[in-house]
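Enquirer: Protein sequences, first through last, are from chains A and B. Using the working numbering, the letters of the first sequence map in sequence onto residues 19 to 215. Using the working numbering, the letters of the second sequence map in sequence onto residues 6 to 574.
Since the hints were derived computationally from the structure, they do not count as laboratory data. Each hint should be verified, as a subset may be incorrect.
[As the list claims (entries may be wrong)] Pairwise CB distance ranges, derived in the manner of DEER restraints:
| id | chain 1 | residue 1 | chain 2 | residue 2 | range |
| --- | --- | --- | --- | --- | --- |
| 1 | B | 326 | A | 163 | 53 to 63 angstroms |
| 2 | A | 163 | B | 31 | 27 to 37 angstroms |
| 3 | A | 109 | B | 328 | 31 to 41 angstroms |
| 4 | B | 473 | A | 127 | 34 to 44 angstroms |
| 5 | B | 326 | A | 125 | 33 to 43 angstroms |
| 6 | A | 163 | B | 335 | 56 to 66 angstroms |
| 7 | B | 302 | A | 127 | 54 to 64 angstroms |
[As the list claims (entries may be wrong)] Below, computed lysine-lysine pairings styled on DSSO-like, alpha-carbon distance capped at 27 angstroms:
| id | chain 1 | residue 1 | chain 2 | residue 2 |
| --- | --- | --- | --- | --- |
| 8 | B | 118 | B | 296 |
| 9 | B | 526 | B | 296 |
| 10 | B | 435 | B | 517 |
| 11 | B | 11 | B | 302 |
| 12 | B | 571 | A | 38 |
| 13 | B | 11 | A | 111 |
| 14 | B | 302 | B | 118 |
| 15 | B | 118 | A | 178 |
| 16 | A | 135 | A | 38 |
Computed from a prediction, not measured in an experiment: that's the story for all the values here. Note that the Cβ used here is the ideal one computed from N, Cα and C, for glycine as well.
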Amino acid sequence: MDAIPYTVHERPDTGLFNAKLGIWLFLSAEVMLFGSLFSSYVLLRIGSPNWPQGASLLNIPLATLNTVVLIASSVTVVLAWASLRMKNLQRCKLYLGLTMLCAFIFLIVKYFEYSAKFAHGLFPATNNFLGIYFTLTGLHALHVAGGIVVMSYLIGPGSKMWRTDPERFTNRIEVAGLYWHFVDLVWIFLFPVLYLL
Amino acid sequence: MPFWRKYIFSTDHKIIGLQYGITGFIFLLLGFMMILLMRWQLAYPEQPLPVIGTWFGEDFMPGGIMTPDFYNQLGAMHGTIMVFLGIVPLVFAAFGNYLVPLQIGAPDMAFPKLNMVSYDLYFIGGVLMLCGFFVPGGAASSGWTSYPPLADIAPIGQTVWLIGMVFLINSSLLAAINFIATIFQLRAPGMTWMRLPFFVWAQLVTGFLLLLAFPPLEGASILQLLDRVAGTSFFLPSGLFVSGQPMNVAGGGSVLLWQHLFWFLGHPEVYVLILPAMGIVTEIIANNIRKPIWGYKTMVYSIVVLGFLSFIVWAHHMYLTNMGPAISVFFQATTMIISIPSVVILTALFISLWGASIRFNTAMLFALAFLPMFGIGGLTGLPLGLSAADIHLHDTYYVIGHFHYVVAPGTIFALFAGIYYWFPKITGRKMNEVLGHLHFWPSFVCMNFIFFPMLIQGLAGMSRRLYDGGSSYAINQPVLHWNVVISIAAFIMGAVQLVFIFNVIWSMFRGKRIHDDNPWKATTLEWACPSPPGHGNFLTPVAAYRGPYEYSVPGAGEDFTPQYQKQEK
Chain A
19 MDAIPYTVHE RPDTGLFNAK LGIWLFLSAE VMLFGSLFSS YVLLRIGSPN WPQGASLLNI
79 PLATLNTVVL IASSVTVVLA WASLRMKNLQ RCKLYLGLTM LCAFIFLIVK YFEYSAKFAH
139 GLFPATNNFL GIYFTLTGLH ALHVAGGIVV MSYLIGPGSK MWRTDPERFT NRIEVAGLYW
199 HFVDLVWIFL FPVLYLL
Chain B
6 MPFWRKYIFS TDHKIIGLQY GITGFIFLLL GFMMILLMRW QLAYPEQPLP VIGTWFGEDF
66 MPGGIMTPDF YNQLGAMHGT IMVFLGIVPL VFAAFGNYLV PLQIGAPDMA FPKLNMVSYD
126 LYFIGGVLML CGFFVPGGAA SSGWTSYPPL ADIAPIGQTV WLIGMVFLIN SSLLAAINFI
186 ATIFQLRAPG MTWMRLPFFV WAQLVTGFLL LLAFPPLEGA SILQLLDRVA GTSFFLPSGL
246 FVSGQPMNVA GGGSVLLWQH LFWFLGHPEV YVLILPAMGI VTEIIANNIR KPIWGYKTMV
306 YSIVVLGFLS FIVWAHHMYL TNMGPAISVF FQATTMIISI PSVVILTALF ISLWGASIRF
366 NTAMLFALAF LPMFGIGGLT GLPLGLSAAD IHLHDTYYVI GHFHYVVAPG TIFALFAGIY
426 YWFPKITGRK MNEVLGHLHF WPSFVCMNFI FFPMLIQGLA GMSRRLYDGG SSYAINQPVL
486 HWNVVISIAA FIMGAVQLVF IFNVIWSMFR GKRIHDDNPW KATTLEWACP SPPGHGNFLT
546 PVAAYRGPYE YSVPGAGEDF TPQYQKQEK
């Protein structure tokens with residue numbers, strides 16, 4: 019009775035393996051975290067007499083580029099999982115690499131956006147719009163960076179599991195993919211709320 | 006396995022449960038000692054603390070007399086330590102880790118490594134919190150609720166508090182994910198939802214509360230951290246003056262925002278403190294009345310409803326703010342509704358006692374004491390839930406008396422009950438009953454002498470935020486003598502706990518050995534494995550064949566029919 023059941027296969031009555039339930043629970047907590055910050059945004063904005071239009075301070079073309087990049091990365095992470103289901107580790111690694119590349123592009127674009135703001139003397143302390151902008155996008159960028167760490171592990175040392183326990187490795191890619199979709203989804207909300215409204 | 010792998014960086018749920026338990030109790034003791042220092046100051050303001058007064062140095066207690074700043078630090082840290090470092094880790098993580106996998110018939114938690122990480126995060130967060138005392142200006146001093154703008158402009162100890170808090174929140178999140186996944190995925194064959202022991206149900210609901218309520222506090226902590234280190238003004242309104250000087254910030258923030266985010270956690274947190282305690286008490290009562298719990302299913306539905314409702318009552322902590330009467334009315338209604346499921350659970354437990362031949366062992370005494378004590382705690386909450394009465398009572402000792410009745414003689418008695426009850430499971434020996442009685446009766450009396458006078462003081466209008474115990478106000482004079490009574494009861498209470506500590510250590514080595522794996526003749530699955538259980542728990546595959554509390558089944562050979570006993574055809 020040492021091994022933990024349902025790490026690889028689904029439990030019949032719940033239809034889930036452990037890690038999949040785990041990641042969904044984790045994501046529900048993440049929804050509450052970002053939800054609380056979005057609510058803070060709403061409350062601060064309602065209470066403010068002169069809330070600036072996002073477009074007057076932020077760079078919409080760059081953010082649009084980033085949106086496209088992130089959506090593309092969501093597609094590639096699904097393709098990575100699909101390749102593993104077709105028993106093709108090399109192609110999976112290729113798609114994971116592409117996903118990571120997109121993540122890096124996103125962060126580099128974000129870096130240029132941030133430094134342009136700082137160069138114009140726009141800091142988190144300047145006003146509450148910029149404060150919540152830097153908080154939300156900064157926290158999101160940390161999540162992107164976290165995704166990069168996970169994927170580099172799965173491409174690198176983590177991929178050894180493919181030889182010993184291929185099904186469990188496929189599950190891991192799926193779980194990482196779910197997390198990545200969430201990171202993408204947060205941006206889909208951030209973009210209109212901060213830049214367009 | 007080497008020592009450090011087996012006991013320090015262990016992935017075994019039982020060892021992690023014990024780690025949580027020992028660490029949690031040390032923090033509980035620390036928090037209690039802090040309040041003893043404060044109780045001296047409240048009973049004998051401006052008098053030097055005898056013997057140990059000078060140990061705290063000139064910064065905190067010059068000449069043995071506590072400074073107001075130190076009093077504030079102790080107050081804030083007492084609350085933080087008791088709630089986030091003491092009770093939650095004990096009642097949820099320690100008991101849950103040890104018992105949930107055993108009670109559902111699982112070999113371990115669903116994610117053993119994650120389990121280890123959540124303990125480590127808790128430990129780091131706790132040590133960080135305590136480090137606050139050693140930074141310039143001392144530890145956080147803005148109360149355990151850290152209301153801005155006070156907390157935004159407090160000394161650096163508040164930053165340490167916030168960072169510690171982020172660690173603790175992440176620890177609780179990982180633990181909550183682990184518990185929920187374990188209960189969903191690792192139930193033994195036949196362990197259907199309505200066969201789960203009530204304790205497991207309580208842990209499941211608590212897991213969801215932690216999972217969904219803690220992230221908003223994490224968001225709030227991040228915002229307050231940015232206010233303090235990056236100069237933002239999320240919680241700082243425009244035109245704020247500090248010590249007569251206008252504050253040099255952009256302004257435009259909202260102090261109510263923090264309160265909403267904090268209490269969105271804060272209220273479910275109350276149920277995080279009490280629901281597992283109800284679970285523990287139910288297990289012990291069921292075992293010692295030797296008959297089925299009355300209304301098990303009703304209790305399960307009630308606890309689920311309770312969990313859901315606890316998310317929509319938070320603003321009853323905020324009637325005194327300017328959030329408006331319309332919002333107050335909504336939260337007043339939900340607060341009244343949430344008392345119903347708690348009353349259902351308590352009533353079911355009371356009715357269970359009816360006509361039972363009760364075994365009065367120490368565990369049962371603590372469990373029985375829980376019922377009226379939690380009853381007082383709950384009922385004194387009703388006037389606070391009504392916004393009109395709350396305006397008079399809110400900033401008085403009444404509130405302190407009310408919630409301590411829930412948490413101290415409520416949850417902590419349940420903790421004691423659980424330790425006396427499951428001690429044989431963990432060590433293979435029983436705790437000493439005589440010492441147990443010597444622990445229970447004085448504790449029970451002292452608890453009431455500590456907290457009931459607070460209700461009296463509060464109704465008389467005594468403010469709960471006075472460093473000198475209220476002696477500088479004429480209005481408090483008629484109830485001032487209670488300060489001395491409370492403090493003396495608290496000191497005796499502290500002394501009595503030494504009996505408990507002695508009993509635990511003595512019984513570990515000299516306690517009466519149990520000859521049967523099931524010394525209490527209980528029905529739930531944790532008694533199906535050896536006491537103490539080895540790594541991997543059960544020696545043979547285990548399954549549940551019946552409900553959790555089949556005591557005194559008519560026609561059965563004995564007065565208990567364990568869940569793991571096969572149905573007779």
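Enquirer: Does each hint hold? Answer for all of them.
Expert: Results of checking the hints against the structure:
no., hint, in the structure
1, 326/B to 163/A: 53 to 63 angstroms, "violated, 38 angstroms"
2, 163/A to 31/B: 27 to 37 angstroms, "holds, 36 angstroms"
3, 109/A to 328/B: 31 to 41 angstroms, "violated, 56 angstroms"
4, 473/B to 127/A: 34 to 44 angstroms, "violated, 59 angstroms"
5, 326/B to 125/A: 33 to 43 angstroms, "holds, 40 angstroms"
6, 163/A to 335/B: 56 to 66 angstroms, "violated, 41 angstroms"
7, 302/B to 127/A: 54 to 64 angstroms, "holds, 56 angstroms"
8, 118/B to 296/B, "violated, 39 angstroms"
9, 526/B to 296/B, "holds, 12 angstroms"
10, 435/B to 517/B, "holds, 5 angstroms"
11, 11/B to 302/B, "violated, 39 angstroms"
12, 571/B to 38/A, "violated, 33 angstroms"
13, 11/B to 111/A, "violated, 37 angstroms"
14, 302/B to 118/B, "violated, 34 angstroms"
15, 118/B to 178/A, "holds, 19 angstroms"
16, 135/A to 38/A, "violated, 39 angstroms"
Going down the numbered hints, you'll see the structure goes against 1, 3, 4, 6, 8, 11, 12, 13, 14, 16, while the others check out.
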